[in-house]
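Let the hints inform the model, and build the full structure from the sequences given.
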Amino acid sequence: MAYTYVGTNIPRPDAAAKATGRVQFLDDLRLPGLLHIAFLRPDCAHAKIVSIDTSEAEKCPGVVAVVTGRDCRFRYGENMKDRLPLAVDKVRWIGEPVAAVVAEKLHQARAAVAKIKAVYDPLPVYIDARDALKEGAVLIHEEAPTFVHLPGMEPVPGTNIATRYTLKKGDVEQGFRESEVVLEGEFNYPFGSSAAIEPHGAIAWFHEDKTIEIWSSSICPFIVREDVALVYGLPICDVRVHVPEVGGCFGYKSDVTIEQTVAYIASFVPGRPVKWVATRQEDLLSTLIGHGIRTRIKIGAKRDGTLTALQTTILHSTGASMDTGIHVLIASTHNSTGAYEFPHCRLEGLAVYTNTPPVGAYRGYGHQESQFAMERMMDRLARALKMDPFVLREKNYLGPGKVTSLGERLWESNGNVKKCADVVRGIVFSKPKTIAEDATYWYGRGFAALMKSPKGAPFSSKSCYLKYNSDGSVSINMGGAEVGQGLRTVVRQVAAEALKIAPERIRVYTEIDTQFSPWEWQTIGSMFTIQGGRAILRACEKAVAQLKKTAAQVLRVDEDRLVHDGDWIYLNHDPGVRVEVAKLARGYTYDDGVTVGEVVHATADARLPRQSNPNACGQGTMGITYTFGAQACEIRIEKATGKIIVDHFVSCFDVGQVINPRQIRGQVAGGVMMAIGATLCEELRFTPDGKAVNPHFSKYRFPTIKDAPKKQTIEFVETPEAIGPFGARGIGEHPVIGVAPSILNAVYDAIGVEFSEIPLTPEKIKKAIEEKGN
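Take the sequence shown: its position 8, counting from 1, is numbered 8 in our numbering, and each next residue is one higher.
Keep in mind that a hint or two might mislead.
Below are the DSSO-like pairs computed for lysine-lysine, each with C-alpha atoms no more than 27 Å apart in a straight line [said to hold, decoys possible]:
no., residue 1, residue 2
1, 418, 395
2, 48, 105
3, 467, 418
4, 59, 90
5, 18, 90
6, 168, 134
These aren't lab readings, by the way, just hints derived from the structure by calculation.
Shown next as structure tokens:
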């Protein structure tokens, strides 16, 4: 269907301000009387705190307060209250704050921190969940079974298991008995960092009237507000959270993390704001990191390629606290089927405490890790069956009438993975494979199908406040955080289409202030377009209904005979009988001053219909809407060094309806590049005793422009989503999901060597080739 504004390349309203440096980020804020925080962090990852001596620090110039956790006994956390603002009695990871200095200047705070003397009694360190699960392992959280947590989360007493999730569909044992081919494998997706361009930070201010004000580069300010209010026994309305412009997120600025610590410290200096912005090393080690998922997979099939059974175990090294670990675990587990239907499956996920930074939301939300395993196994299964891998996949794709692991029956409007696969296949595999004419390179091609459902709590909602102005322009206030993804642009285009006015006449406010912004759970999980878009449409419908109600009084006709057409409301059979929308915005005023009608403004919210928590079998309506896609690549491997060169990367997603072509292509291109980094070079590494090997950008290897694909092709299929705004669905995270398996499948195609973990560095390839040659 052709639209006027949806599907067009309107400019981003924030582009000029960002390009010219006029945008104010958290670190740009200057509040009166602002104080600065510096933290003492341990030199060991797991230890009892023997003593902390702050006497010398307290004497340092500029110091206003020195704070430790000795008097703090409250725990916090959105999903499980297993975090302390400052360490008490023991430390559990290398980046955990042990003490804090508040000073007039940041350099004074840092100098004073260096004077604090802490003594530790080391305990065994567990970086990998497998070690933390061993018999006799020291407990990282001895009190875990007593922690307040969400329903369904059950720490296992006497172990380091923070929670587990099990999903059963059919009879997996029967499924494997029916199988004629059974394969098993284990795949590892190690720790990584979101590493947004802006480090995380927060400012907290305890006012003299007992209210608390917080500024944070967070994407969940309403959750922060509620958690802080709970801790200090305040009405929620007495806690106010602001979110200035956010310089990137990719997941790790979600949940309640640093805000409680900064607020706790601010409570020691009431009347003055205190500020902490992470150094790059702190940003890598003291906020949320990603991945840390090992997938064990067993897959069964008939000789004709029909998939019969799947058993997976997702082992999540969740770090020193749960944070979003529970949501990542569940998403990774129930989506470990990938884009395929299995009649029988048992999918189990274990979140295990480890002595690393807390592992939480990261772009992809657990999907890329488990589907990395699935897509590698599908290629292996095709070879075992001596089948074309495309034929094997096509025989088992999810689609209309098929049932997901969650027990949800799909409809036509859920999208079409086969169409995406056909597009990608036609671009990459329709021509003969490149064969080197010299001895310089090996060449390979690889493919991966994928699917992702939005991830959010069943109660999660997007909200919109819309107001008509007296000139017919429109102001919209959303509770979603603009983190660079283009949220403001999507809002403008959806509203412009619904209201039939130019996007330039719509102003979108996303500078969140919880006192005035409409409530939203979190801006995560690729949910904003579909959920936020629905809220916008509902608000637009309400506003138009108000306009028509007033116009009906003015024109003395029934409302159902009126037509809204942007700037006018007119009579359906006589467009000459009309009234201007601008004259209705504040009610209609006659020449004698008498005014009729209402001020036109509307609020609306939207959540995914019928979304539920998992039942006793781990199933439920937890997906609702899905985005399917396919990705493929053509690579070269340099024989002399083992270096992988991505010559061509192709992506195709069924997005329902493209809202802004330029913006969605940017999302895909950036996501592919981010996942190429995870596949080829990125890994946050720790020594056996828990120290970070590469906690800053000089050693944490990011992809550069030299690592980018020589060519990227991006295509879209548009199967309208029934519940999406103008048929659109989410796409923010999906581009990262199929990158690793498609590249590793291409590596096997090139050199015939199996790899089951990333990053796939030149050294690993060179070593494997040498071993194969021997």
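Outcome of the hint check:
Between residue 418 and residue 395 the alpha-carbon distance is near 10 Å, which keeps this suggested pair within the 27 Å criterion. Proposed proximity of residue 48 and residue 105 is contradicted: the alpha carbons are some 31 Å apart, above 27 Å. Between residue 467 and residue 418 the alpha-carbon distance is near 43 Å, which puts this suggested pair outside the 27 Å criterion. Only pairs whose Cα atoms come within 27 Å are accepted, and residue 59 paired with residue 90 is accepted, the gap being roughly 26 Å.
Our distance criterion of 27 Å between C-alpha atoms is broken by residue 18 and residue 90, whose separation comes to about 43 Å. For a cut-off of 27 Å, the pair hint linking residue 168 to residue 134 stands: about 26 Å separates their Cα positions.
In terms of the numbered hints stated before, the structure departs from hints 2, 3, 5, listed from lowest to highest.
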